[in-house]
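Novice: One-letter residues, chain by chain:
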Amino acid sequence: MASVKDHKSHEMGLHDETLTGRTQQVFFNSEESANFFYDDSYEVDINKRAEIDVEKLLCLEVNKKIKDLMKQGYGTIVLKNPGAKHSLGVGILNKLNLIVEGSLGYFGIGSIDGPVVRISGRVGWSCAENMMAGKVVIEKNAGSCFGAAIRGGDLICKGSVGARSGIDMKGGTIIIGGNAGAFTGFMMQRGRIIILGDVGPNLGDSLYDGTIFVGGKITSLGADAVQAEMTDLDVGWLKRKLKVAEIEKKVDFSKMTKIVSGKKLWNYDNLEPSERKGAI
Amino acid sequence: MCGIAGLIHRGKSTNIGREMQNMLQSLKHRGPDSTGYALYGDGNTDNYILRFKVGENVKEGSSAKIEDPSVYDSRKEKVNSEILTAGAKIIEEERITPYCFRYVIKCDDDLLELAQKIESVEMTEILSLGKSLELVKDIGDASVVADQYSLNNFNGTHGIGHTRMATESGVDIRSAHPFWGYPFSDVSVVHNGQLTNYWNTRRKLEKIGMRFMSNCDSELIAVYLATKIREEIDLEDAMKTSLDDLDGVFTYLVATKDKLGMAKDYMAAKPMVLYESDDLVVLASEEVAIRSLLPHEIDTHDPYEGVVKVWQA
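Heads up: the protein sequence lines correspond to chains E and P, in order. Every letter in the first sequence is one number past the one before it in my numbering, and letter 4, counting from 1, is 529. Every letter in the second sequence is one number past the one before it in my numbering, and letter 59, counting from 1, is 121.
Hints in this document: simulated from the structure, not taken from any laboratory. Backbone N, C-alpha and C define an ideal beta-carbon position, used for all residues, glycine too. Treat the hints with care, since some could be wrong.
Heads up, simulated DSS-like pairs for lysine-lysine below, C-alpha to C-alpha not over 27 Å straight-line [said to hold, decoys possible]:
1. E:Lys581 with P:Lys90
2. E:Lys665 with P:Lys371
3. P:Lys90 with E:Lys589
4. P:Lys193 with P:Lys74
5. P:Lys371 with E:Lys683
6. E:Lys590 with P:Lys302
7. P:Lys140 with P:Lys74
8. E:Lys768 with E:Lys789
9. E:Lys742 with P:Lys302
10. E:Lys605 with P:Lys90
11. E:Lys742 with P:Lys371
Pair ranges (Cβ atoms, derived) [as the list claims (entries may be wrong)]:
12. P:Asp130 with E:Glu586: 45 to 51 Å
13. E:Leu583 with P:Asp209: 20 to 26 Å
14. E:Leu583 with P:Thr76: 26 to 32 Å
Okay, chain E solo, but in the shape it has when bound (with noise of 0.2 Å):
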């Protein structure tokens, strides 16, 4: 590992403070358990169907809704007619199937933690922002920052989708059948990324933790970013999460490119022993 003074920053006299390093991963303590369980979590029957028609209801009014059915033990709900509306089936902490019949515009099913989310239709910005846990599957395509600063869960979009997918993500897995634009991955902390087409410019920008996989071709790395081998183990992984992700695509898994972080532009050295072992 390079020395700090390798650094060409800390030549010019910047970043020379030295860093305690903490670590971002929550232990779970069973003392500390009431903070693991949610105040709105409800008991629901999958098979207990309901549906809202979105057309003429505020995005507020249809998050209530969502909640008063699972309140009354629906696990099932569909939402008619969306209207690429914004914040639809955000803040949802809870066993649920959620199907959209359309489109959802921007921020749509974030904060989510435990449901399935089947879209029929297109998403706008930041759609799953901050998921922690749970399965968002969209059939066509997406907009920018797709998966900002998701923590957890399968985030799968079978179409293209625009800049900065999976920027800040922290864990989880964010698969896209087609394409991605530019910044994929931008400053990614940890978790995955599939691509199966082509990527736009500066990818995996600034990335810090985790990987990203690419089907085709990659128009340029960000700043440390680099290329890594692929492993037998990363074959079998790929060929799994593909089966989950419900995406039929003939793919030569060997032949992808696989992106991880450098390491040269964060301060590594600086971690402490047991931080700097998960880190590497």
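Following the hints, put chain P in place on chain E, whose structure we already have.
Specialist: Chain P in isolation, oriented as in the chain E frame:
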């Protein structure tokens, strides 16, 4: 934030006034301060349509002043006199608001001299001059402006529009979009974003004689493209060079007599959703605007970074 929208019908003319109003009204939340339309009518081969204002409509943050309406009449008479001095003839004249007018005029193609004479009248600004372009902008949302200027039954092939959230300059008509590509017939621009080399580029363009009527960075794009048109550079090529010459984050739409174009900067930080079919192209900052025209399920996508596209009517 601001919202922009545009549409072009290929090979047919429809009520684009109503269509653009619906799109812009659904983008009201992106910019409630002012709304502007650049609508391309069925065309008039002989005469020009001139839209101009002789005063301002002003709200917060503007350095312009509300004036006594009595001054508008005298300015209008001076404009009429300047039009005649330039050798043009007024065929029709209509007062839309106390400060805004729509004229049909007959003139030769030296629009620069005519424009300079008209704008020599105090507080007078040409909003548009062209054979098919009619540019309307004022304070208020899309419905307010459309009603005020009777745009609900405007037939044409294409148009662009803008809902403005005033950030870098005040709320008034001069800072509202669209901007006319002075002094070229039928060129208009709307923009969403920020240009960070505005003053440097403006100074360069002013040195070669280009005119600016506001301090709004978006006007720079219209003037920049007008400069390229003056140099006889093709619209699409001019838009491509703009991606390198303009700094900042931006998505803009430009329209000419028979074309609609869009450009998105290399960072792709400003949104644009595109629907394209054989007979219709619709673009907007948000899909919800496209849905106001096409409520059924359609395929849309975000054009990528550094993309320039031009469509023919």
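Novice: Confirm or reject each hint.
Specialist: To see whether the hints hold, each was checked on the structure:
1. Between lysine 581 of chain E and lysine 90 of chain P the alpha-carbon distance is near 17 Å, which keeps this suggested pair within the 27 Å criterion.
2. With a CA separation close to 22 Å, the supplied pair lysine 665 of chain E and lysine 371 of chain P stays within the 27 Å bound.
3. Taking the CA atoms of lysine 90 of chain P and lysine 589 of chain E, the gap is near 24 Å; set against the 27 Å cutoff, the hint holds.
4. For the given pair, lysine 193 of chain P sits about 18 Å from lysine 74 of chain P by alpha-carbon distance, which is consistent with the 27 Å threshold.
5. With a C-alpha separation of about 25 Å, the suggested pairing of lysine 371 of chain P with lysine 683 of chain E holds against the 27 Å cut-off.
6. Under the criterion of a C-alpha separation no larger than 27 Å, the hint pairing lysine 590 of chain E with lysine 302 of chain P is inconsistent with the structure, at around 47 Å.
7. For the given pair, lysine 140 of chain P sits about 39 Å from lysine 74 of chain P by alpha-carbon distance, which is inconsistent with the 27 Å threshold.
8. Distance check on the hinted pair: lysine 768 of chain E and lysine 789 of chain E sit about 35 Å apart at the alpha-carbon level, beyond 27 Å; violated.
9. Of the supplied pair hints, the one linking lysine 742 of chain E and lysine 302 of chain P holds, its CA atoms being roughly 23 Å apart against a limit of 27 Å.
10. Distance check on the hinted pair: lysine 605 of chain E and lysine 90 of chain P sit about 24 Å apart at the alpha-carbon level, within 27 Å; holds.
11. At roughly 22 Å between alpha-carbon atoms, lysine 742 of chain E and lysine 371 of chain P fall within 27 Å of each other, so this suggested pair holds.
12. At roughly 48 Å, the beta-carbon separation of aspartate 130 of chain P and glutamate 586 of chain E lies within the given 45 to 51 Å, and the hint holds.
13. Under the hint 20 to 26 Å, the C-beta atoms of leucine 583 of chain E and aspartate 209 of chain P, about 25 Å apart, fit the expected range.
14. Range check, leucine 583 of chain E to threonine 76 of chain P: about 30 Å between beta-carbon atoms, so the 26 to 32 Å window is met.
In summary, the structure is inconsistent with hints 6, 7, 8 from the numbered list given earlier, while agreeing with the others.
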